[in-house]
Amino acid sequence: DQQVKQNSPSLSVQEGRISILNCDYTNSMFDYFLWYKKYPAEGPTFLISISSIKDKNEDGRFTVFLNKSAKHLSLHIVPSQPGDSAVYFCAASSVQGAQKLVFGQGTRLTINP
Amino acid sequence: SQTIHQWPATLVQPVGSPLSLECTVEGTSNPNLYWYRQAAGRGLQLLFYSVGIGQISSEVPQNLSASRPQDRQFILSSKKLLLSDSGFYLCAWASGIQETQYFGPGTRLLVL
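If you read the protein sequences in the order shown, they are chains L and S.
The opening residue of the first sequence carries number 1 in my numbering; numbering runs sequentially from there.
The opening residue of the second sequence carries number 1 in my numbering; numbering runs sequentially from there.
Simulated from the structure, these hints should not be mistaken for laboratory data.
All of these numbers come straight from a predicted model, not from anything done at the bench.
It cannot be assumed that every hint is accurate.
[To be verified] List time: in silico SDA-like cross-link candidates among lysine to any residue, alpha-carbon distance up to 20 angstroms:
(1) L:K68 x L:Y32
(2) L:K100 x S:I56
(3) L:K100 x S:T100
(4) L:K56 x S:T100
(5) L:K54 x L:V95
(6) L:K100 x S:V60
(7) L:K100 x S:Q55
(8) L:K100 x S:Q62
(9) L:K100 x S:Q73
(10) L:K100 x S:R72
[As the list claims (entries may be wrong)] Incomplete in silico selection of chain L near chain S, CB under 8 angstroms:
(11) A41
(12) G43
(13) K100
(14) G104
[Stated by the list, open to error] Quick list of simulated restraints, FRET-style, between CB atoms:
(15) L:V78 x S:P14: 42 to 52 angstroms
(16) S:S77 x L:E58: 38 to 48 angstroms
(17) L:G83 x S:L11: 23 to 33 angstroms
(18) L:V95 x S:G27: 19 to 29 angstroms
(19) L:V95 x S:N30: 14 to 24 angstroms
Heads up, the beta-carbon is just placed ideally off N, CA and C, and yes, glycines get one too.
If we strip away everything but chain L, and leave its shape as in the complex, we get (with noise of 0.2 angstroms):
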């Protein structure tokens, strides 16, 4: 059972464009949401997170939109820089248990110049 899922397992975008990554979840259990850079052979940093009280958050050029009734997120990155060409993850947990998160299967971003 994927309780995280991301439906896109790579985007495309031009530098300089606005580059969107989604991600649904069907837990509605869950309320702290994250979302994680990734490169090869290395461990996944941490981008920026969210939490259910919220909708939106933002830092510099990221920004995370939280949808409740549609248990969906999204993170933008704008502007598209070549640094960005990663695997993102986004990743989920709830107030039970000891902050396990569950996350999705990572979408594969390139930022073409």
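Following the hints, complete the assembly by docking chain S onto the known chain L.
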């Protein structure tokens, strides 16, 4: 600042051999610690987590075990490796419940 270390970075082991992967965290006390595995082309799967010394919770039945002998040390072990144990193993820490998890550099394990 906090840092997290994992070693070795890469490991090639024969089927049936034992395994010991180590993770240590610096710059924090009483962290929550986590072991994840990323199989080829897949997302990250939580294997074990620990909220304190000697406290281990297992998420999925498998050939692996974990131990936390010290506050900032987390060890992933196996008595006999299987081919299916191959993957990228990641250790992570968080300062508490509902806190962001930060990942180590990972260990790539290839079982032949």
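We went through each hint and held it up to the structure:
1. Our distance criterion of 20 angstroms between C-alpha atoms is met by K68 of chain L and Y32 of chain L, whose separation comes to about 11 angstroms.
2. Between K100 of chain L and I56 of chain S the CA atoms are separated by roughly 13 angstroms; this keeps the pair inside 20 angstroms, and the hint holds.
3. Proximity of K100 of chain L to T100 of chain S is assessed by CA-CA distance (about 11 angstroms); at most 20 angstroms being required, the pair is judged to hold.
4. Restraint check for K56 of chain L and T100 of chain S: satisfied, since their Cα atoms lie roughly 17 angstroms apart, inside the 20 angstroms limit.
5. Proximity of K54 of chain L to V95 of chain L is assessed by CA-CA distance (about 16 angstroms); at most 20 angstroms being required, the pair is judged to hold.
6. The suggested pairing of K100 of chain L with V60 of chain S holds, with an alpha-carbon distance near 13 angstroms, which does not exceed 20 angstroms.
7. Our distance criterion of 20 angstroms between C-alpha atoms is met by K100 of chain L and Q55 of chain S, whose separation comes to about 15 angstroms.
8. Our distance criterion of 20 angstroms between C-alpha atoms is met by K100 of chain L and Q62 of chain S, whose separation comes to about 18 angstroms.
9. For the suggested pair K100 of chain L and Q73 of chain S, the alpha carbons sit about 19 angstroms apart, so the restraint of at most 20 angstroms is met.
10. For a cut-off of 20 angstroms, the pair hint linking K100 of chain L to R72 of chain S stands: about 18 angstroms separates their Cα positions.
11. The beta carbon of A41 of chain L is positioned within 8 angstroms of a beta carbon in chain S (closest approach about 7 angstroms), and the interface hint is therefore held.
12. Interface restraint check for G43 of chain L: the shortest CB-CB distance to chain S comes to about 4 angstroms, inside 8 angstroms, so the restraint holds.
13. This hint holds: K100 of chain L has a C-beta 6 angstroms from the nearest C-beta of chain S, less than the 8 angstroms allowed.
14. The interface hint given for G104 of chain L holds, since its Cβ lies 6 angstroms from the closest Cβ of chain S, which is under the 8 angstroms cut-off.
15. Here the CB-CB span from V78 of chain L to P14 of chain S is close to 49 angstroms, well matched to the stated 42 to 52 angstroms.
16. For S77 of chain S paired with E58 of chain L, a C-beta distance near 42 angstroms keeps the hint of 38 to 48 angstroms intact.
17. A beta carbon spacing of about 30 angstroms between G83 of chain L and L11 of chain S agrees with the range 23 to 33 angstroms that was offered as a hint.
18. At about 26 angstroms, the beta-carbon gap between V95 of chain L and G27 of chain S stays in the expected band of 19 to 29 angstroms.
19. Range check, V95 of chain L to N30 of chain S: about 19 angstroms between beta-carbon atoms, so the 14 to 24 angstroms window is met.
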